[in-house]
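Order-wise, the sequence lines are chains A and B. Heads up: the first sequence at position 79 corresponds to 129 in our numbering, and the numbers run straight through without jumps. Heads up: the second sequence at position 118 corresponds to 368 in our numbering, and the numbers run straight through without jumps.
To be clear, the hints were calculated from the coordinates, so they are not data collected in a lab. Backbone N, C-alpha and C fix where the C-beta goes; we use that ideal spot for every residue, glycine too. Check the hints yourself; a few may be wrong.
Unchecked claim - With a cut-off of at most 27 Å between alpha-carbon atoms, the simulated DSSO-like pairs for lysine-lysine come out as follows: (1) A:Lys-122 with B:Lys-368; (2) B:Lys-368 with A:Lys-161; (3) A:Lys-242 with A:Lys-265; (4) A:Lys-129 with B:Lys-576; (5) A:Lys-129 with A:Lys-247; (6) B:Lys-368 with A:Lys-129; (7) A:Lys-129 with A:Lys-265; (8) A:Lys-265 with A:Lys-172; (9) A:Lys-265 with A:Lys-161; (10) B:Lys-369 with A:Lys-161; (11) A:Lys-122 with B:Lys-369.
Unchecked claim - Okay, the calculated bits of chain B under chain A, using three or more residues with CB under 8 Å as the criterion: (12) 433-444; (13) 448-455; (14) 458-465.
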Amino acid sequence: MSTAIELRGVTKRFGNTEIIRGVDLAVPRGERHAIIGPNGAGKSTLFNLISGRYPLSHGDILLNGESVSGLKPFQINRKGLSRSFQVTNIFQRMSVFENIRCAVLWTLGYKYSFWHRLGGLKDANLHAEEVMESIGLKARRDTPAGVLSYAEQRALEIGVTIAGGAEVILLDEPTAGMSRTETSDAVELIRKVSQGKTLIMVEHDMGVVFDLADKISVLVYGEVIASDVPDNIRGNKAVQEAYLGTEAH
Amino acid sequence: MAKLKYRPINLGRWLVWGGTALVMIILPLILTAGFTLTLLSQIGVGIIFALSYNMLLGQGGMLSFGHAVYSGLGAYFTVHALNLISQGAFHFPVTLAPIIGGLAGATFGVIFGYVTTKKAGTTFAMISLGIGEMVFACSLMFAGFFGGEAGVSTNRVMGQSFLGITYGPSIQVYYLIVGWALVCMAAMYAWTQTPLGRMANAVRDNPERAEFVGYDTHMVRFLTLVLSGFFAGIAGGLSCINYEIVTAENVGAAASGGVLIATFIGGAGFFFGPIIGTIVFFTMVTAVGAMTKAWLFYLGLLFLIMVLYAPGGFASLILMHVPVIKARLMRRLLLPYAAALVTGAVLMAGLVSVVEMTYHFSLEAGTAPGMKLFGFAFNVTSATPWTVAVGLLIGGFVISRFAWAAVGRAWADIVHILQDRAVV
Ligand SMILES: Nc1ncnc2c1ncn2[C@@H]1O[C@H](COP(=O)(O)OP(=O)(O)O)[C@@H](O)[C@H]1O
Ligand SMILES: [Mg+2]
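With the sequences and hints as input, model every part of the structure.
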């Protein structure tokens, strides 16, 4: 199987502190890959590097075999990678529907058009309605995103991320702060929308991780100390000491 | 499968546009005072200019201090084109001449916009100010193009008349402005309903997320500015035809500041806000300007009050009453509003007296101490009128506060009732 995302010796420094310290990682196409690790390990930073939000200090990142380091976020997005944010990052003043429609316009080829009428874009409108249905926000269609409940905003965050049809999806703590039922809804949603796609997910809830992930990488102090199938991660001594162990305390 | 409701023909929208067109067409037939046609023409051009400005400020979140650069350069290119046409250098109908201004505005949008739109926020505002100053300075350096102190004049009447249209009489120019204003208003409204228009809102609200759904925020801002420059240039072209002269003032800071004020007091958050703002702005400039030297002071005061107490402008003040009227709760507001109006009038009388007397005192106390205000004649160097004026000011301020407190309570009640009904 070909590789969707590959990190080669990726390093990130903020000032003198090295936050990401030479990460090598390859995620084959179609895999659901979870990244776990203690707070401050650098998981979000890693996503920020992959998605072009921050420049790398060293190393290289390849998307479908092609280097994307140095590209801007919108360029990487156009190559088929989309991400969500740990802190909800949507268009607060727009309705749920408008949020999602904004996320489908580029991929449907409308780009910077000022000669199409939004109301007449059948494909964009239909697709936006479908995405809204799949994230369970149909009843909130015309509600401004800013007044949605926390769980609804998290669902919309995922909706905006997947609406453009990206092949590689990065989700940063999609279930953080959710109740048990909200979490299990979110897991089903993630399973559904990542069908046939490559998913990389940062997640704290071990239930979610072992439920969804084909493979797990453990990031501690900016280094991947283990990368394996869930069963082997569970039995890994170093991981238990460095991470799972501390969680249990 | 989701069912979609499309309304290709929206009756309400047609009524609004038809009504607007009708009002613009019949107004000069009703208001026949000498200055009204001048004022109406000014408002028509101003509406195009302010709407183009609001593509930046309202829709794109770009605060520009130099928008007159695009209208002004559009006016200059139109004036030179008109002069060339009348010399027979090429043929072009005067009716379509504003498009020359539009193309010039868009071209300078391309030239200046690429740098200015790299960043939004303060950076954009500062660069727009710098470009405004730069272009104004150029008007002094390149006297050949800008016409130096005197500016460049032209004659809009040329060639054969077509169906009696010569653009000699001002009323014909007014209807030319109305035609362009309606087309431009419709075009700029349509723009808000396009992918680029919507993404301009997205980039305004959250530029970072816009980049993560595939959009180059710089490009979105840049294209918005070019289109905005196009419509500003059309406004400039029309003002050139209207006044038959273009001077450095057309690209100057006062013109840039004026459109900012008009747009803001009307309400940048709504498409029709700048239209209201332009009407209020020019009516005030003309009407108050005819009455007093202190008109700029009052305009500044209005701007200040709007920024502080109604940052959404007149448009939001109007729209906030729509749900109240629908819920049939308007009568709860009538009494408090009447009180606010009466007490506000007392306050205003005091304020206007103090301002006018101060102006008169500082400018003419030595030569002509007598003045007339609100029908009263008095001597500005005596103490009595000052006592009365300050008394009105302070008294009006105190009773206004009571009235405003009542308005606040009435609104709190209404919000409460509306919330209760929403829950049920
Ligand atoms: N923009 C930044 N500038 C400086 N330090 C940062 C920045 N972003 C993250 N960091 C630091 O990098 C470390 C890792 O942060 P983060 O990637 O958010 O961790 P995680 O997502 O694993 O909890 C933290 O110590 C954080 O303070
Ligand atoms: Mg994080």
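Okay, the hints, checked on the actual structure:
1. A:Lys-122 with B:Lys-368: holds (14 Å)
2. B:Lys-368 with A:Lys-161: holds (18 Å)
3. A:Lys-242 with A:Lys-265: holds (18 Å)
4. A:Lys-129 with B:Lys-576: This hinted pair is violated, its Cα atoms lying about 49 Å apart.
5. A:Lys-129 with A:Lys-247: holds (14 Å)
6. B:Lys-368 with A:Lys-129: OK: B:Lys-368 and A:Lys-129 at ~23 Å, within 27 Å.
7. A:Lys-129 with A:Lys-265: Cα-Cα ~24 Å, so holds.
8. A:Lys-265 with A:Lys-172: Between A:Lys-265 and A:Lys-172 the Cα gap is close to 39 Å, so the pair fails against 27 Å, i.e. violated.
9. A:Lys-265 with A:Lys-161: Violated, at about 36 Å.
10. B:Lys-369 with A:Lys-161: The hint holds at about 20 Å.
11. A:Lys-122 with B:Lys-369: Roughly 15 Å separates the two Cα atoms, so the pair holds.
12. 433-444: The restraint on the stretch 433-444 of chain B holds, since 4 of its residues have a Cβ under 8 Å from chain A and three suffice.
13. 448-455: holds (count 5)
14. 458-465: holds (count 8)
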